[in-house]
Each structure stands twice: as structure tokens, then as C-alpha cells.
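> Spelled out, the chains give:
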Amino acid sequence: MATERVDSVKTYAAVWIVLLILTALTTAVAYVDLGAFSVVAALVIAVVKMLLVALFFMHLRHSTHLTRLVVTGGLVWLMILLLLSFADFMTRGWVGVPGR
Amino acid sequence: MASDAHGETLALREQFDSEEQQKDASTLGMWIFLITEIMFFGGMFLAYSVYRNFYPHVFAVASSSMNAIIGATNTGVLLCSSFTMVMAVRAAQLGQRKIIILFLVLTLILGIAFLGLKAYEWNVKFEEHHVPGPAFHLDGVDTQGPAQIFFSMYFAMTGLHALHMVVGVGILTWLIIATYKGRFTAGYMTPVDIAGLYWHFVDIIWIFLFPLLYLIDRHLG
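Going line by line, the protein sequences match chains A and B.
According to our numbering, the first sequence holds residues 1 to 100 in order.
According to our numbering, the second sequence holds residues 1001 to 1221 in order.
The shape of chain A in the complex, shown without the other chains (with noise of 0.2 Å):
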């Protein structure tokens, strides 16, 4: 079909370094003390590294609107359950958890 793009090898290969080198990093300043950011650091890089899998590997730069509706839509439902569930969890002191 000639809708069908065929991405380079160099492309793949790039992105697959990079991932590589992300993991290092990521395993690496962990061992750094950044206080409250090593969450941050750490979620920073794995949401990169979820982006290059997902528009490279995936194909999702080449996908049609559709589709991309359909992922970005998913991934709004997935932040409405964490953010909204957060902001319970978080305000509330619900928390007569023992050992707390």
C-alpha cells in the first residue's frame, strides 16, 4: 500500500540507543540524592522513554487522527483516575491506616 511508510534503520536504531542510554541515566540518579525531584526525575524519564516507544516503535507519528484521538483520549481517562483519586487520598486524611 502506499500509504504505508517504511521508517529507516537508522531511525530505529537511534531511538533504541537513546532508550539505552535513558536507562542508564535513570538507573544512575537514583543514586543521587534530589530530595522530592527523584520522583520527578524518574517519571520525567520514563514518560520520555514512553514517547520514543510510542511514536517510533508504535508508529503513532505515521497513525491516523483517529487513532491518535483515540490514545490521547485514553491517556486523559487514565490521568482523570490517578489525578482525581489523588486529590482524595491526598486532602482528606483518611488515613487510619495502623502502623502509620
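Simulated coverage check for chain B against chain A, where a stretch passes if three residues somewhere in it have a Cβ under 8 Å from a Cβ of chain A:
{"id": "1", "segment": "1021 to 1029"}
{"id": "2", "segment": "1034 to 1042"}
{"id": "3", "segment": "1045 to 1051"}
{"id": "4", "segment": "1070 to 1077"}
{"id": "5", "segment": "1082 to 1096"}
{"id": "6", "segment": "1200 to 1209"}
The hints are simulated quantities; they were obtained by calculation from the structure and are not laboratory data.
From the three backbone atoms N, C-alpha and C, an ideal C-beta is built for every residue, glycine too.
Given chain A's structure and the hints, the job is docking chain B onto it.
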């Protein structure tokens, strides 16, 4: 046989206008399945984060008891397998049957290597009494309860991830056989493409599991 192969592969189903539309529908369908999987794993990530927020110190100690080198190695193995998988999909787009098989076999080997390292890690947890239950004990924490919550989440999350890997290994085996039989051509390689999406998705779940379980707050523990 020839007509059967035709019906199984190249045929445009009557509900579609074009092969392109048929392919797009398959891709979209797979993504919708993957979104249900994202929500499924999302619930566990949420539970994990809430408990981590309740017991930051215990979770930091528990995270620090993990072998980050094995974790990082396994992440590397999985990323390499994603690369070989995308190369298999590329070969399928170009209709290079032997190269598809080569890269699918490499992906399969890397997937099994990941599961082997995971099995080794789990075995170590049993030896160290880090499996929730009567024999559980984690050094360096005041209360064993929250530490058991950490390891319950660890086994649930890595266990479900490993289960997805086992399913992926099964899919790869089927793909290798089907490719060997010549089922896929440059005009019809949807199963290879869709299996690739699944494999990369399982990789993405691990991309988040690795820092959350092994790395965060390591300096505190």
C-alpha cells in the same frame, strides 16, 4: 489450499472499502484493547502510589532492597527486544520473509531472557524472606505490615507484567510459524504489526514499573 490462503490473508472483507481502511481498523481496534490494559495497570499504579504516599520511609527501604542492576539489565533486555520487534515489523512491511523470522526469533530469545532474570529475582525474594506471609521479614523498618504491602504490590505488578510477557512469547511463537509458512506478504502483514503494538505496550508498562519499584527514594533507604 491456494484459495484458503487467499481467504485468510489478502482478501478485503466486505465491510471495508479498501485494504487501507481494513488495516486502519485493525490498528485502531488493537489500540482500544491496549487502552483497556492501560486502565487495568493504571489501577495498580494508583494503589501502589497511594500506599507509597502513606508509608514513604518503609517503601524507600523496600525499594532499596531491590537489585537495581538486574532491574536495569532487564529494562535493557526489554528495550532491545522492542528494537528487534520493530525491525521484524519493518521487514514485514518490505515483505522480507527470512528477515522477519530472524528478528522475531531474536525478540523471542530476549523475551525469554527477561522472564529468566525475573524468575531469578523472584527466587532471591523467597530466599530473603521478602515474600508476604508468616515468614516475611525486612530489615531496617519498624513495622512489617506496610513492607508486606510493598512486596504484595511488587509481586502483583511484576507477576501480571510477566504473565503478559508469557502471552507475548506465545504470540511470537505463533507468528514465527505463520511467517515460516508464508502467510505474510508486504500487502498483508497486519498480525505482525498488531503483535508489535502489544509487545511495545508490555515494554512501556515495564518502563514505568522499573523506576517505581526499584529506583524512587533509593537514597533514603
